[in-house]
Structure formats: C-alpha cells, structure tokens
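Student: Residue numbers (this note's numbering), protein chains in the order written: chain G, 1 to 276; chain W, 1001 to 1149; chain U, 2001 to 2656; chain E, 3001 to 3337.
One or more of the hints may lead you astray.
Listed next, the in silico BS3-like pairs over lysine-lysine satisfying Cα-Cα at most 30 angstroms (straight line) [said to hold, decoys possible]:
| id | chain 1 | residue 1 | chain 2 | residue 2 |
| --- | --- | --- | --- | --- |
| 1 | G | K21 | U | K2603 |
| 2 | W | K1137 | U | K2110 |
| 3 | U | K2400 | W | K1031 |
| 4 | U | K2041 | E | K3074 |
| 5 | E | K3029 | W | K1137 |
| 6 | G | K73 | U | K2003 |
| 7 | W | K1031 | U | K2614 |
| 8 | U | K2110 | G | K73 |
| 9 | U | K2647 | E | K3225 |
| 10 | U | K2602 | G | K74 |
| 11 | G | K132 | G | K48 |
| 12 | U | K2614 | U | K2647 |
| 13 | U | K2503 | U | K2603 |
| 14 | G | K74 | G | K9 |
| 15 | U | K2603 | G | K267 |
| 16 | U | K2602 | G | K267 |
| 17 | U | K2371 | U | K2400 |
| 18 | U | K2256 | U | K2230 |
| 19 | U | K2142 | U | K2041 |
| 20 | W | K1115 | U | K2257 |
| 21 | E | K3194 | E | K3225 |
| 22 | E | K3074 | W | K1137 |
Treat the hints as calculated values from the structure; they're not laboratory data.
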Amino acid sequence: MSIQEQYRKKAAELLSSGEVKLVIGYGAGTTPDRRRPLFVRSADETSKLHLDAACEANLSGYLVTEGLLADRKKVGIFLGPEGIRSVNILASESQLDPDQIVIMGFNREAESVSALEGSNVRDFPAMLAALKEQAPGAGEQALVERIENMTPEERFTFWQAEFEKCIKCYACRQVCPMCYCRRCIVDNNQPQWVQTSSHTLGNFEWNLVRAFHLSGRCVECGGCDRACPVNIPLRLINRRMAMEVLDAYDHFSGMSPDQETVLASFKKDDPETFIL
Amino acid sequence: MNEQFEPKIVAFVCTYCTYAGADLAGTSRLKYPPNVRIVRLPCTGRISPMFILKALQKGADGVLVSGCHPGDCHFTSGNFHARRRWTVFRALLNFTGIPLDRIRFSWISAAEGVKFAELISSLTDDIRKLGPFEQYKAMIHETETPVSL
Amino acid sequence: MAKIGVFICHCGENIAARIDCARLLSAMDDHPGVSVSLDYKYFCSDPGQENVKKAIRENNLTGIVVAACSPRMHEATFRKACAEAGLNPYLCEIANIREQCSWVHSDREKATEKAIDITRSLIEKVKRNNELQPIEVPVTRKALVIGGGIAGIQAALDIANAGQEVVLVEREPSLGGHMAQLSETFPTLDCSQCIMTPRMVEAAQHPKIELLTYSEIEQVDGFIGNFTVKIRKKARYVDMKTCTGCGDCIQKCPQKKISDEFDCNLGKRPAIYTPFAQAVPNIPVIDKENCTYFKNGKCRVCAKACPIDCINFEMQDEFVDIEVGAIVVATGFQIQNTAMYGEYGYGKYPDVITGLQFERLASASGPTAGKIMRPSDGKEPETVVFIQCAGSRDPSKGVKYCSKICCMYTSKHAMLYAHKVHGGKAHVFYMDIRAAGKGYDEFTRRAIEEDEASYLRGRVSKVWQENGKLMVRGVDTLLGKPVEIAADMVVLATAITPQPDAKEFAKVIGIGCDEYGFYNEAHLKLRPVETATAGIYLAGACQSPKDIPDSVAQASACASKVIGLFSRDRLEREPVIAMNNEATCSGCWGCFVACPYGAIEKKDILNRSGELIKRVAFVNPGLCQGCGTCVTFCRSNSIDLAGFTEKQIFAEVMGL
Amino acid sequence: MIQILLRDKLDDCITRWHAAGYDVIGPQKNNNVTRFAPVEKASELDLEIILTDRTVKELFFPQTEPMFRYRIGKQAIDTEEYLPPGRKRIIFGSRPCDASAMAIDDPLFGWDFKDTYWFQRRNETVMVTIACTESDDFCMCTSLKLAPDSPLGSDIMLRPVAGGKGWHVELLSERGREAFDRIEALLDDSAAEKEPIANVPKRFDLDVCREWLADPENFESHFWKEISIRCIGCGTCTFLCPTCHCFDFQDEGDTYSGIRRKNWDSCSFALFTMHTSGHNPRSTQSSRWRQRIMHKFNYFPGKFSMNSCSGCGRCSRQCPVDMGITETLQEITKTAK
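Isolated chain G, as found in the complex (with noise of 0.2 angstroms):
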C-alpha cells in the first residue's frame, strides 16, 4: 500500500473513532504539480488527500490558528521532519500542547515519499539525531559560502540588490510557523523599529529582523523562500544563522518540546571572540 494510502485509511481512521476532529493534509492544486492545504473533517473525505513530493509546505502553522486547539480536541497533521520540528518549537514555546497533535509523518525524497514511524511529536529523536548531523539546507551552503568569501561590499551589494526587490507582502511572516505572535514586532508603531516603507532601508531592517527573530528557531523548511512572490533567497540568510547557533551552541532548533529557546538562554562559558 503506498504511503498515500496508508495515510488516506489512518486519517479516515482517527476522525471515524472520534481521535481527532480535524486532518491537516494535502489537497490537489489548481495545476497538476500543486498540492495545496486542506483540511479534513470527515471520513468521507479522506480520499480527496494526497502525499507525494510535491507536497512541500510545512503546515504546522496551521495549528497554532487561534482557537483551534481550545477545545482540547486533537488534531491530525500531515508532516515532514521540518514540521515535526516547528511543532517541537512550538511546544517549547508553549504555544501547543504537543499531545493534542497526532502525526501523521513522511520524508520526501526526490520522487517519492516514505513513512516516517511515530505519531507523537516525542516519538522522532532518532530522526531528528540524525537530521542533526546531515545539516538540513546543505544544499544552499555553496552558495552561502559564495556568500561568506565576498568581500562586505559585495555582500552589501548582493543582498540589497535582493532586498530592494521586497514588496513588504509579508509572506514571509505568515507562512511561517514560527512567526505566530499576536502583533509582530513590524506592526508596532510606537515606537516603530522597523520602517513599514518598502524602500530597501526598511526591507533592509524587516529582514534582518525577521532573521534574528528566528535566528535558533528557523527548522529551515524553505516556506518563506518558497513563498516570496519576488524570489527573494531568504533561505540563505536562515541557513546561515542556523549554522551560526549550531556552530556557537550546538543547537538545532526543534529536537524536542522541552528544548530551551537558544536566545532566551546562556551558558557563562558561551564562546566570545569579538568583544573586546
């Protein structure tokens, strides 16, 4: 049975017995090669969900919309191990009970997907060791060394030439499930830290800020990257700063629900070599 199947009968499963209310999954898109999210209430339903390799969004943002966990009625979700990830983060951050999410997990490969065991977020600390030492998103670390050996100028000039194209659209920020706070930092005018203007000085401040805010808790599922209407390779600078936080504190974001924030914690022999 394919995976596809074996999902479709599980989700028919846990709504018919009453487990969950509600199954995040795949849809079909408006053109063959787009899945879109779609949310399952019924048994009956479950033949309208896909999972195969295009099926690229992390939907764990979805979870944490605004009442949907009140009730304490848990929820189905389709994920791959960057989901499974953003869902420890928001855990951690308490902004889940992570027993009300039954996983439904998958790896994407090139062409297909395969199965990944466990339904509770605490059930993939294998996976997870192992996602650890691979380092997700080394795919773009060519290019984010191409990006490291420039000179400042030239970096200056890369990225405000990719900043300058920014429309201010925030795509980024809503599609990302990390980004759930109830007003974000851009949204605050008093004082306002970050310009709302989408000249480059303001798409300049909103991306770097962005960046820091998930500097440490960014699980790299490219879903700001993907959603950029303008093609902004804002994947770069999240794999940069992953890196930065493993490389400094060994941390990878989102390998348990009981992870510390990397930023809202120290250690007294934290490395230093710039502060004079």
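Based on these hints, arrange chains W, U and E on the given structure of chain G.
Tutor: Frame of chain G; chains W, U and E shown alone:
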C-alpha cells in the same frame, strides 16, 4: 578629502559598568575624541539589536555596544544574554554585508576608565580610516529621494 | 504638549571652560518643546535647585533635562528637586556633559556640539518619560548572618541586641571561625579564646538569635526585605536536642588518626569530634568520610558509648526555608597554600610551617598546649626565621594585594616566641613593615626593641635542609649583603585569600566579587558594607583581608544598616521595572526563561464565563530589578521597561 | 493600411523615442523576478513572458512614495513637497490585463480628490500593449468579460504576427499616435498573418457571482470561512494585483524631521482595519477575504460600474497556499447554481 572625516559613533552602554567607566575616564581627565554619543541603559541585557539598526539609520558610521565583564553584571546575567544576542546578530550583520569593523562590542568595567578612553580613541581612528558608511548612507538617501519613475 | 525645562550647569569652570554654555543654551532654546532654558554656575547648590524648582512651578513644566555632571552624581538631587516642585521625579533626565564631555575633550567647538547632541537627545527622551510611582514592598524583620566567625557573631549580636531576629548560619560544627584558632591577639596580646568564647556563648544563648551550625546556604531568592533562603542542615548524626556534650563518644572512638583541621593538621582527632574544647554548641559531629561505620558498616562504638542514645546513623541532611529581610555575609577567608614557592620547602620540610600553624603551636589549647615545638621532632627551636609576604604582594606567583595582617602577626609571633623560648632567636624577613593602626607601630617596635627580633629587609631565595637545620638564604637589602641563617623552624606569612568556594557562593547569593573572590562592596569608600544587591551586606575578611578590630567594626556597621532597614514596615523601591502588554503577549515564555530574578509569572486571562482565553506573562513588581533582559528578548515588543521604554530609547537615539 | 513594427527595428524605435524625450520602460527578468524597468536597448526586453511577476501598477502607484518632507520647528512645521518626476514615457509590452487595470483604477483615484501622483503619471504615459497569444492555467480575462486583446487602458495595441517577427500596430489614442509618429518611418507595411490571440477559457460565471455577492443573505454565509480556511493572511495577492489600490500613510524619520510616505496597504492584513482601541471589525481572515471579493465584484462595480479585476490571475498564480479569486468565484458559481 581636505578636511578630516569625523565619524559619528553611537555607544550603547550599561549604566553599572561601562557608563561608570566612561565617568571614570572623565574624573581621571583622560582625553578621547568627541565623536561618540553615549546612550545609557540599565544593563546590556536591555540593549536590543534594533538600537544598532536605528543608530545606523540615524547616520552612525560606527556603533559600540559595551557592558560589564562576564560574571560582573549587576543583574547577574544580563550580559550573558547579551553576549548570545550579539554573537548571533553580529553573524547576521556580517552575512548581510555590514562591516564588523563598524559594529564593536566590549566589556568595560567601572574601573576601566583608561580602557574606555583608549577604545573610543582606537575605534574613532579605525572608523575614520574606513571612511563614512557610504553604502548605508546610500540606502538612507534612497528613502529621501523621489521615486524615479 | 511637552513643556520641557533645560538647565545647563557650568559647574564652575568644569563645564564652562570646555563647553560654550551660551551656545548650548541658545540651541536648547530653539529646540521644539522647550519652554524654558537656563544656565547657572552650580545647579546642584541650594540657590541652583531653587531656580530649577521655580522654573518648574512657573512654567508648569512636564519634564526637565539638567545638563551637568553624571547622573551618578546628582540624578537623585534633581529628582528630589522635581518632587519638591510638584513634578514627578521620573520626569527628570540628566545630560552628562561633564564626565563624558567637558572633562574628556579639549576642542571647545566639538565638545559644544557633543553637549548639544547629548542634551537634545535627552530632551527627546524626557518628552516620552512617564510619571512613575515608587513601589512599596513589605519588610520581613529577620536577618540572616552567614558565617559564625567574629564578624558574623558581632553582626548577629548587634542586630539581636536591637531587638530584631537573627538567624546565624555557620558551616562548621562550631562557631568561632579563624579567631578561635588564634593564640593571642595583637596589639594587646590578650588571649583570643578568652575574648572570643564569651561572645560565642552569648550568641548561642541570645533569645533573638537562632543558631544553625553545621549548615550551609543552598539557595537565595527574592529581594531586599523579602529574601527566601534555603538552608541545608548537614546531618551531624548526633541528636542536638538530647546530647549533653559529655564527650564519652569522642573518648571511645577507635579512629583517632584523623588530621585535625582546627589545629592546621598539627594534631589528630577522632571521627566523632568537636573542633575544639570550647566549641559552641558543644555537640560533636561524625565525620562521615572517616567514620569506620560509614566506611565498613561495622563499629558503632560511639553509639554504644553514648549514655543517652543520641547517636543516629540514619540521620539525613535537612532543608529549611527561611524568610529574611536582610543578609549579612561574613564568610571569612582562607590562607593561601604556599606550595607555589618550591624554594621555601613548605610541604617538603615539616618544620616549614604557616603563620596559622604557628598560632596553634603558641595556643594554650593547641596540640602542644602552647609549647613551641618543631613538628618534626618535638624539639624547641632555637632559631626561627619568619618570612613575610610569602604569597602577598607577589604578582608573579602569589597575589598582587597586601594581606594586611601579616606584619602585625609576625611581630606578635616573634614576640610570643621570645616569651616562650628564652634565648630563642627570631629573624624576620620583610618587604615593608605596615603597622598602621592604633598601637600597631608601637607593637612592632616592641618586638624589635624589647624582644630583640632581628628584622631583615629583604626576600628569601631558598630554604634547604642541612645537618638537621633549615638553611635560609636571603638578602639584607639594607646592608646590601646576602644572609644565610641556620634555623630550626621557618614560619611563612601566607597570603589571605577568599574562601575557595567564594566565587560560586557569590552566585548563589547574587552578589559580585573581584578577580580573587573577595566580595564587591557597592562603593569602596562611601558604601563599604553594602553590596550592589540591595539588602545584602558584607562584614569581615570576605570583602578583603582584615584584622579583628576592622572586622568587628564592619560587622557593627552592617548591623546598623540592617537595623535601619528594619526600622520601617515597608520599603520603597525604584519603579524602574518591566511591564507587559497582555493584549499583544503571545505567551512564548522567553522572558520567563531569560529573567535572572524569576520575576516573570504566568497569568491566565479568562473570559467573562471564567474560561481560559490565553496565558500571558506577568511581571512581579517586587521581584523585578529592572535589567530589561526580557524586553530585548520579547519578539513582539510586548514587555517594556519603565524609565527605559522602547519609546524613550527610540526617541533618544533618533534625537541624537 | 496595416502597419507592422518589426522586432529588429525595436532598437531604432527606442533610440528615436529617447531622442523625442520619452523614457522607455518594458518587461525584464532581473535578479529572479520579472518586472517593468527602463530599457536602453531592445535586448533588455523580455517580451516572451506571458505576464510579469510584478505589475505595471507600480509605475503609477509605487509601493512607497515620498509625498512631503517635514521639519518640526519650535513654532511651526515646515514642509516641502515631493512630486512625480514629470517625464514622458512609453511602457512597451504591457499585457491587456495590466493596461485595463490602470483604466479600472482611474475613477478610483479621481472620483473626489484627483490623485496627482496617479494622474500625472497616467497622463505622461503611453501604454503600448501586446495582445496575448499565449495564456496559462491562471489567466482569466475572458471570465471578466475582457479579452487577451482588450483595448481598455491601452494607447497602442500590438498584435503579434505569425513567426514572431513583429507586431501589427493598432493606434487607440491620440497619445499613442503622437508616440508612433516618432517612429513611423521605421514601420513596415508588408502584410503578415496575425497570430491568433490566446484562447483563455471561461472559468466562472461572473454575472451569477455578482448576483450572489449582492445578496445580503450571503454576507454571513459559512462559505467565506470554508473558502478562506487556508488563507495565511499575507499581502501577496493584493500587492501583485494590478487593480488593488489601497494605501496607507506613514511618517518616517527621526524626532526632528521626516518624510510622509504613501505606502501600499493590504486588506489581507489584520492591521488594515485595526482600531486604536484594539477592536478589529474584520477580526478574522475570512472576513478579510470576503472584503476583498466583495470590494472587487460588488462594492467597486456598484460605485464605478466596473469590476475591480482585470483577470490577470496573479492572485492565484502566486498565492503561497494556492488560493485566489478564480477558485472563490468558481465555488460561488457552483454554490449559486
């Protein structure tokens, strides 16, 4: 350039150590260049990366962030938190092309008036050599320019 | 609409010499929102402050900026002036144009420009200041004194005699500390035990003092007036309530070969013991490490010997939480191990001893009952060499500082030696004789002139053993000649160092320490007994090396601080604390994790029918110290810090 | 007489237009995004793109535009106005949907106060539109009763000739004629087959939809919640929409001086309708999506007799969660029937 370029430097310091160190530089009548403007905060823990961005927006050519030595924080651990933030934010600035020569961090205790004066002197000197932060200023200039199309 | 007053102080010539105050004044005059700007020679003077108050009243000012010296000097002065003129004191900002401008710059033009920037940015800040009201917190009228040496005992007695309750905690089995180890004390040569033990007994019997010996501080939470302290009462294995201190158990203990710490390892003690005969409380403890029963499960001789059955091997450490309003830290010192001076042979030659060991030899209650004897063979030494600064004032191997008491006790040792060993010859190698203190110089002169100690100004380069003698090679710099002395005993004036765990303990109680581990006072000259943490005070050698008179004086000073604090029911605290916007808080608890004071609490927001809508952060105003770490962490800008709000800092930076 | 603009004459055209004082702006692919930007040479143009990622809207209504500079003095506030550049320009190679969208927005920007920034640019611009011979799965102009060669909003319509050698030129306005006078000598009159325009299928029934939307009964329909459940509330659809025109004012600067700017805003954002009190009349994403649809197909036509949509399909094409106007109107069509 005929006239020597005088950089604008903004320093964000904690009141218990570096601010007191700067006071000590004063009571010791040490001399340092007048390019620095000090913003006093209770603790390095209070110094947000946003302050650095705003200082740059305000036209700073260099920024100094300074507080108590590790272990000496009046609030016990504000500077440890600050250190993590700086490490990460610094990496981010570096990756996006803000030269790190312009954004400096230091531990200066209340007793280190000499260190304060010397650091401000060397920082001013370094940034004078780097010249104005033209790339950032160009970005600021764009915000003041009418739309070209 | 803001109505700001700007007051530019000339500070005599201190500011006016380097800053064009007229130009600064006119620039401030033109600044939007400034209603009045004045300059004056000394605004901190009475007439100066009257001018400020008058301007506030006459112009109905909504905030003031005083451009003058550092806020660390006169912020309090001007805040008070505001309050007296009816303006909330937190609507006052100080532009530091002296310490951070006129005193450090010589270019008048540039200094003036800088002063303008500093002042105007604070005008922009003060426009956004809010009225703040001091926070009142209750005071628990009970003090904790940590350390049962002379400093701790003195502080405890002084506080208790003022009618306030005290908990006195000592980690050793008995009160006494180092002073109990001493033989006689300079400059009067009265017996240490004789003056110390009555104090110990008084402390133990005082109705206002609760004595906890053999106990350690595990954790300190809270803040001035409201500390919660967790104390570990280590298991003594002897029931304190029933033990009469008869000492039968001590006599019968078969294990008698344990080095006696109190005697600086010059004597032996059993596994069940009291540190010394006059111990308070006079109740033994079992040294678990060395007890045969604890090691092998067999013995229990002491239990059999006890006539009232108060030995209990099952006893466990006990934890108690106490609430106190103030803490006096009197944790004392240690002496430095002198092993780093291989050339002095300490540890290698048994007759090279420390000053503290000499105290035990000279003490009537010591291992030799006060007879000066060589540890190696028990012979009376005919020649003794005292080496001062064996660790102190030596940045390369020892410590940089002067240990302060060694000059005096070495003189005393030379004197005691002369009194006890007739015909004995004492040689003292010294760097300088530091004998400042009442009767101190006279005392050292007596050692030299009456007791004929030979004082040699110079260092010792080597000590070695030859024909049963300790050969001491040094130099007499006054004669400019090398000296070699065949001695029977060498006494090292070792450096005074903090307790080995002083740095860790500083973190437990939340105070600062210097590079060595001596605790930091809030101000070396003006607040020498307070720490930077309100409500915690320092007494004795934990702050720096001190002799007995200094320790006692500081302890009494601590007591007066504590009594002062306890003279009020409630205490006013600075309202510079964090506050949370519950509407925008997402409850991610980053602030909760980051707060160094545990001041963030979780608060449930309920709807009208009592259902939980969300959980947000709540800042406990009693615990918050106002560091602002939470503010910087908060991604949504929900938490803010009164006095240094996001709006204020933004305006200050954007107003530069 | 049929006039043909040959592709290999484009360079000469640009030179002549420049000489005549026109800026020439056309679609380009630059740094991974397709948008309109000034060109010096024909080779910089990318005329094969069906539709650019970003619309021509930003050439009339920039994403951020400084309006005036202010300086707060002790007694008064000085201001200094910014105005659009005031240069004649030719936008070469826009698509009919984009060009129509500009005409759709004209009444909006002029019904009471005439927006200088918009109209000055509109008056200075010659829209040279290329009719579409190709479309993709998201194009929906025909459903909006427009077409791949709609003349609305265009000054000149170019219709590709078979083989891609050039375009039939159709002059639609005086402004267009004036611009083409400058290059008349370069035009060819050889007859060539026009390539057929793209066949864009009709994706929903607009009349049915509008009727359903106009029915007050449907305002509170559960339909809105269902259709927008996956909406994440970003501004992609509105900012990439050629007709969306909402803006916000922002004062930016330090505490002494600054610039008042006119910035794009989006009804997708929760902040769009947030009151100072904290109350938000459109507190859910479904109410915001409903507003967007209602505005485009109910309120706007009610006021200006035009739909506020030209069928470019960018909202669906670029939506991070594969939503869009097409799906919503398709579902309404189904529901209504």
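Student: Does the structure break any of the earlier hints, and which numbers would those be?
Tutor: Of the numbered hints, 6, 7, 8, 9, 11, 13, 17, 18, 19, 20 and 21 do not hold.
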